[in-house]
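Protein chains in written order, with numbering that gives the first Met the number 0: chain A, 0 to 487; chain B, 0 to 128; chain C, 0 to 446.
Careful: at least some of the hints might be erroneous.
[Said to hold, decoys possible] Restraint-style ranges between C-beta atoms, simulated for each label pair:
| id | chain 1 | residue 1 | chain 2 | residue 2 | range |
| --- | --- | --- | --- | --- | --- |
| 1 | A | Arg149 | B | Ser113 | 47 to 57 Å |
| 2 | C | Glu282 | A | Gln35 | 35 to 45 Å |
| 3 | B | Lys3 | C | Ala220 | 12 to 22 Å |
| 4 | A | Gln222 | B | Gly126 | 37 to 47 Å |
| 5 | C | Thr16 | B | Gly97 | 33 to 43 Å |
| 6 | B | Gly126 | C | Ala11 | 48 to 58 Å |
| 7 | C | Ser372 | A | Gly1 | 21 to 31 Å |
| 8 | B | Glu68 | A | Gly1 | 35 to 45 Å |
| 9 | C | Glu250 | B | Lys3 | 48 to 58 Å |
| 10 | C | Ser410 | A | Gln222 | 48 to 58 Å |
| 11 | A | Asp184 | C | Gly18 | 19 to 29 Å |
| 12 | A | Glu180 | B | Gly126 | 26 to 36 Å |
[As the list claims (entries may be wrong)] Below, simulated DSS-like cross-link-like pairs (lysine-lysine); rule was C-alpha separation at most 25 Å, straight line:
| id | chain 1 | residue 1 | chain 2 | residue 2 |
| --- | --- | --- | --- | --- |
| 13 | A | Lys482 | B | Lys87 |
| 14 | B | Lys64 | A | Lys390 |
| 15 | C | Lys417 | B | Lys35 |
[Said to hold, decoys possible] What the simulated footprint calls covered on chain C by chain A, stretch by stretch (three residues with Cβ under 8 Å from a Cβ of chain A suffice, anywhere in the stretch; the number is not a length):
| id | region |
| --- | --- |
| 16 | 178-192 |
| 17 | 292-298 |
Derived from the structure by calculation, the hints contain no laboratory data. No residue lacks a Cβ here, since even glycine has one placed at the ideal position from N, Cα and C.
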Amino acid sequence: MGEPLLFEKSRPGRAGVSVPSRDVPATEIPPALQRQSLPLPEVAEVDVVRHYLRLAHLNYCVDEGLYPLGSCTMKYNPKVNEVAARLPGLARIHPLQDPSTAQGAMELMADLQAMIAEIGGFHSVSLQPSAGAHGELVGILVIKAWHAARGDTKRTRILVPDSAHGTNPASTTMAGLEAVEIPSDSRGNVDLLHLRAQLDERTAGLMLTNPNTLGLFDENLLQITKLVHDAGGLVYGDGANFNAILGVAKPGLMGIDVMHFNLHKTFSTPHGGGGPGSGAVGVVQALADFLPGPVVASRGGGTGSARSGTAPRYEWRTPPRSIGRVKSFHGNFGVLVRAWTYIRMHGAEGLRAIAENAVLNANYLQARLAGVLPIPHGDRTCMHEFVAQGKIPGAPDIRALDISKRLIDYGFHPPTNYFPLIVPEALMIEPTETENLETLDSFVEAVTTIAKEAVAEPDLLHEAPHTSPVRRLDEVKAARELKVTAGG
Amino acid sequence: MDSKVDPALRYAKTHEWVRIEGAEAVIGISDYAQNKLSDIVFVDLPAVGKELKAAAACMVIESVKAAEEVFAPVSGTVVERNESLVKKPEVVNSDPFGAGWLVRVKLSAPAEVSGLMDAAAYTAYLGTL
Amino acid sequence: MSFIPNTDADRARMLQTVGTSSTAELFHDVPASHRFPTLDLPPALSEQEVLAELDRRARRNAHEGPCFLGAGAYRHFIPSVVDYVISRSEFATAYTPYQPEISQGTLQAIFEYQSMIARLTGMEVSNASHYDGATSTAEAVIMALNVAQGERRGVVLSAGLHPHYREVVRTYTQGMKLEVTGDDADTGPSELAGSCTSSTACVVVQNPDFFGRIISPSDMAALAAAVHAAGALLVTVVNPISLGVLVPPGEAGADVAVGEGQSLGNAISFGGPYLGFFAFRREHVRKSSGRIAGETVDHDGHRGFVFTLSTREQHIRREKATSNICTNQSLNALAAAAYLAAMGPGGLRQVAELCWHKAHYAARQIAALPGYSVQDGEFFHEFVARCPRPVAEINRRLQEKHGIIGGYDLSLNYPDRKNQMLLCCTELNSREQIDGLCAALSEVGNG
Chain A
0 MGEPLLFEKS
10 RPGRAGVSVP
20 SRDVPATEIP
30 PALQRQSLPL
40 PEVAEVDVVR
50 HYLRLAHLNY
60 CVDEGLYPLG
70 SCTMKYNPKV
80 NEVAARLPGL
90 ARIHPLQDPS
100 TAQGAMELMA
110 DLQAMIAEIG
120 GFHSVSLQPS
130 AGAHGELVGI
140 LVIKAWHAAR
150 GDTKRTRILV
160 PDSAHGTNPA
170 STTMAGLEAV
180 EIPSDSRGNV
190 DLLHLRAQLD
200 ERTAGLMLTN
210 PNTLGLFDEN
220 LLQITKLVHD
230 AGGLVYGDGA
240 NFNAILGVAK
250 PGLMGIDVMH
260 FNLHKTFSTP
270 HGGGGPGSGA
280 VGVVQALADF
290 LPGPVVASRG
300 GGTGSARSGT
310 APRYEWRTPP
320 RSIGRVKSFH
330 GNFGVLVRAW
340 TYIRMHGAEG
350 LRAIAENAVL
360 NANYLQARLA
370 GVLPIPHGDR
380 TCMHEFVAQG
390 KIPGAPDIRA
400 LDISKRLIDY
410 GFHPPTNYFP
420 LIVPEALMIE
430 PTETENLETL
440 DSFVEAVTTI
450 AKEAVAEPDL
460 LHEAPHTSPV
470 RRLDEVKAAR
480 ELKVTAGG
Chain B
0 MDSKVDPALR
10 YAKTHEWVRI
20 EGAEAVIGIS
30 DYAQNKLSDI
40 VFVDLPAVGK
50 ELKAAAACMV
60 IESVKAAEEV
70 FAPVSGTVVE
80 RNESLVKKPE
90 VVNSDPFGAG
100 WLVRVKLSAP
110 AEVSGLMDAA
120 AYTAYLGTL
Chain C
0 MSFIPNTDAD
10 RARMLQTVGT
20 SSTAELFHDV
30 PASHRFPTLD
40 LPPALSEQEV
50 LAELDRRARR
60 NAHEGPCFLG
70 AGAYRHFIPS
80 VVDYVISRSE
90 FATAYTPYQP
100 EISQGTLQAI
110 FEYQSMIARL
120 TGMEVSNASH
130 YDGATSTAEA
140 VIMALNVAQG
150 ERRGVVLSAG
160 LHPHYREVVR
170 TYTQGMKLEV
180 TGDDADTGPS
190 ELAGSCTSST
200 ACVVVQNPDF
210 FGRIISPSDM
220 AALAAAVHAA
230 GALLVTVVNP
240 ISLGVLVPPG
250 EAGADVAVGE
260 GQSLGNAISF
270 GGPYLGFFAF
280 RREHVRKSSG
290 RIAGETVDHD
300 GHRGFVFTLS
310 TREQHIRREK
320 ATSNICTNQS
330 LNALAAAAYL
340 AAMGPGGLRQ
350 VAELCWHKAH
360 YAARQIAALP
370 GYSVQDGEFF
380 HEFVARCPRP
390 VAEINRRLQE
400 KHGIIGGYDL
410 SLNYPDRKNQ
420 MLLCCTELNS
430 REQIDGLCAA
440 LSEVGNG
């Protein structure tokens with residue numbers, strides 16, 4: 000049975016905290032300013048703990064098992080990250096305290112800016128954006144500002160491949176530009192003919208996810224970036240899939256001008272059930288002046304960290320032609336601390352090993368599932384993920400969703416469903432590097448068994464999941480009745 | 000998927016229908032369109048008095064999975080909205096040609112109607128999709 | 000250090016299945032000239048070493064002494080139960096709940112969070128959170144533009160709105176061809192109402208404002224009436240702790256209530272991660288942005304929760320979405336919910352009252368110091384002190400001689416507010432600390 004709402008557990012007079020008594024003289028609060036009621040739940044501390052523990056038991060998480068959600072990079076989150084972010088000297092500092100009293104934190108941010116720039120092949124990095132989509136908005140605004148600064152105001156179109164995440168066209172619109180869709184070719188690459196046809200003096204840039212959402216590294220990457228540059232445009236890199244090429248290639252050296260990094264994917268910071276994240280943005284030298292600020296600068300130097308023997312002094316600096324700040328203060332610092340910790344524990348070789356093992360795990364799964372599910376681009380080597388189809392011969396009524404829901408009964412989180420949109424019945428599978436061979440084998444075994452069930456006993460799939468805390472939920476009722484608050 | 004086509008109506012390629020009633024027209028979406036959308040949860044009806052332009056988006060219909068624009072099949076001014084859809088949008092699914100009508104407009108360019116398909120042409124068109 | 004479980008033997012077996020001789024070969028699609036570059040990074044550290052490195056940095060940050068800084072981020076006591084809840088792996092290491100059958104914990108927690116934020120602000124609906132107070136404010140402006148169906152391009156910002164929030168609104172909307180005005184002079188609510196025209200989409204006010212000043216419920220209601228008469232929306236930015244005692248924006252006519260939720264159980268953590276709460280009137284729900292959890296039933300008729308109204312969002316509506324937001328601040332919203340659950344209405348009220356009494360005590364003491372004076376009018380837990388010398392100088396002395404972190408130097412954002420310091424007191428500031436601050440200010444101011 001479900002856990003009652005906190006509101007249903009509330010009893011007048013119960014409290015979960017004790018507040019210190021007043022140690023200063025009272026000052027009257029004018030009655031006209033005061034609210035009359037505050038209908039929050041009234042529960043004891045033990046009620047709070049039991050409530051959330053019972054809710055926790057209704058969730059599946061990475062710490063429980065495989066979470067092969069394509070493009071989400073649900074890797075294991077090292078526990079040391081949590082200790083790091085909670086160090087009092089990092090967790091209890093105020094963002095506006097004088098820089099002289101926060102040099103340790105600023106040094107850490109400067110290090111991270113420099114390490115991300117080095118990993119991505121970029122000149123400068125801003126740690127301010129809070130998530131991938133936030134970084135995209137920054138990137139497109141930077142591209143727009145760069146064109147404007149050159150007096151080129153006709154460039155109003157951003158080209159977006161049809162395999163892109165929905166955030167790409169949405170970010171483009173938010174930035175006041177027009178998204179133009181570019182189809183993929185039969186090998187899953189950007190269709191060069193269409194790209195060429197769309198490139199003109201209206202092109203502000205191209206948003207490229209590479210490896211793309213089919214899990215493929217575009218075979219024509221250098222040609223694509225050159226074509227866009229030759230047409231006067233810039234190339235935005237969506238870094239959601241960067242785990243595949245971490246330490247293997249530097250996007251900034253392959254013609255990507257600006258890119259966001261999902262620190263909550265590639266650099267292992269926990270996703271928290273939907274955030275917080277961090278969408279740090281790296282740019283080539285020509286775009287450095289447009290980044291959102293402030294960024295950390297070492298006095299007398301650029302925005303990087305001086306790794307010299309003498310302790311540098313760090314200060315806040317807003318780039319001279321900044322697009323402006325995109326959040327209050329400096330970024331999701333607690334997330335940055337975790338990412339810093341992760342990178343420092345790996346070094347160059349360790350980072351490359353992450354990509355190699357992530358890609359090997361994905362190719363192993365792709366090879367083993369090849370006979371079980373259709374894999375449209377299975378003839379190619381995939382990167383960190385691949386896209387299979389939820390279609391099973393002899394089971395015409397079975398859809399990707401049914402397979403996903405049945406996987407839950409076998410103790411796995413399902414892959415990403417129905418994305419990318421260009422593959423019908425898509426199941427996008429990303430195992431990450433932190434899964435071992437036995438886990439991958441048991442996943443293959445589960446999919447194989449489900450494929451047999453689909454033919455022999457399809458209702459098992461249609462009605463799945465059977466073992467989860469709740470069964471399939473009525474989304475139509477939720478949308479029609481729209482009950483979005485307790486008692487509301 | 001077999002879709003019903005009401006023989007008395009005229010249709011746009013974007014799957015809206017029109018029923019001419021003198022100087023006015025009633026507008027809705029076809030059975031094919033409601034089927035494609037699946038369970039409709041919300042219809043964002045345009046306000047009375049709003050000028051609709053033929054072939055331009057005039058409202059959005061939402062299902063759980065999609066939000067699709069409805070394109071005005073003809074130009075005109077909205078004179079009445081099907082207010083019952085506010086509470087029961089699912090009627091567009093169950094009775095797209097009848098109780099699931101969307102708006103009534105006063106035609107501003109009645110000649111446009113001749114550019115729409117009749118039921119036979121629309122049925123043939125559906126066969127090509 | 001590595002978190003990769005597979006051994007060389009595992010890899011050899013897997014490569015055989017894949018039909019490749021080495022992992023390096025898997026990257027043949029990467030242009031050869033760019034494959035496997037040198038990375039100039041510091042060498043890998045063990046867990047023990049990395050913690051020592053972090054500790055060295057953490058110790059260089061002042062964090063133990065009294066602190067009177069606020070200005071948008073606030074130090075409050077966080078009950079132990081909050082960190083317990085957000086540390087649970089089931090919440091911390093789950094993704095956005097795309098599979099509701101195995102994400103009911105997150106979804107119900109968000110539903111409860113929405114319910115508590117709606118009640119706290121006096122609004123009808125809340126989303127699952129935005130990145131922070133500043134981005135929530137920008138999203139509120141965009142929602143108002145959508146409510147006006149693109150036909151109103153004016154945005155009026157109060158000068159009392161946090162300078163970062165005003166900047167973020169401008170950054171977000173720079174491509175939208177808007178007229179953002181109102182904040183060039185520090186005016187009261189009636190002047191703001193007067194600047195509202197038929198092309199205004201919304202008016203944004205902060206209450207208590209950046210300088211700590213409270214706009215009374217009657218002035219807010221008058222502003223709301225004027226804004227509504229012009230056909231615009233009133234967006235109110237509020238401090239959630241203040242709502243433990245003050246009249247909420249929903250009761251004073253606001254259409255949208257947003258703000259920084261950090262004070263609710265989230266570590267101050269040098270500026271993030273925080274959460275932006277976002278609450279509004281129900282009629283605007285389809286123009287709103289961000290995720291929203293809703294109640295429904297499962298196949299067997301049992302109550303359950305799902306994300307609803309997804310068709311507003313980027314993954315379905317793509318370029319026509321109400322916002323590009325995807326990842327938000329779920330774990331921070333969970334902290335806020337656990338905090339509000341533990342505090343309850345009584346605890347929250349007590350904390351709000353402590354903030355009030357301590358700040359007012361501090362203001363009286365400082366006003367009595369030679370050379371100092373304090374801004375008039377009602378305030379909550381922040382106030383402006385006029386000082387006898389530049390704030391930067393005072394703060395340096397407070398820090399170096401007394402180990403005190405002083406207030407915010409307003410001249411950093413407002414050149415005409417020379418020698419003005421924005422001070423904040425919360426329940427964490429004891430009388431002893433406040434007396435110590437006053438003694439130090441007195442010494443510094445006259446030294």
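Which numbered hints fail
2, 3, 5, 7, 15 and 16
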